[in-house]
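Whole structure, please, built from the sequences with the hints as guidance.
Residue numbers (the UniProt record's numbering): 1 to 85.
Not one of these hints is a red herring.
Subject to a maximum C-alpha distance of 25 Å in a straight line, what follows is the list of computed SDA-like cross-link-like pairs (lysine to any residue):
no.: 1; residue 1: Lys75; residue 2: Arg27
no.: 2; residue 1: Lys75; residue 2: Gly31
no.: 3; residue 1: Lys75; residue 2: Gly36
no.: 4; residue 1: Lys75; residue 2: Glu65
no.: 5; residue 1: Lys75; residue 2: Gln34
no.: 6; residue 1: Lys75; residue 2: Ala26
no.: 7; residue 1: Lys75; residue 2: Asp62
no.: 8; residue 1: Lys75; residue 2: Arg64
no.: 9; residue 1: Lys75; residue 2: Pro35
no.: 10; residue 1: Lys75; residue 2: Val53
DEER-style ranges, computed between Cβ atoms:
no.: 11; residue 1: Thr71; residue 2: Trp23; range: 15 to 21 Å
no.: 12; residue 1: Arg38; residue 2: Arg66; range: 17 to 23 Å
no.: 13; residue 1: Pro6; residue 2: Arg57; range: 17 to 23 Å
By construction, these hints were calculated from the structure, which means they are not laboratory data. Backbone N, C-alpha and C define an ideal beta-carbon position, used for all residues, glycine too.
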Amino acid sequence: MGDQEPVVDPQRPVYVWRQVADWIAARIDSGELQPGARLEGERELAEQVGVAVGTVRRAVEDLRERGLVVTLPAKGTYIADRSNS
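Here you go:
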């Protein structure tokens, strides 16, 4: 993340998990995360963004509800292929 703005601003009137979900969604929309790519693990994302693992878990749940990612138990979370939708 280096010189970039922080992903999460606790002063904003938006849930932190929503900020994390929106950040990941923006990475998908920009093409940084391609369909079929594996999303970083919850712990790795939590460390990268500076939030609790539970916060990342809730963000990923939101992304699943939006149809942006699919989670395969014991395999990981992958960027959904939305070209068919």
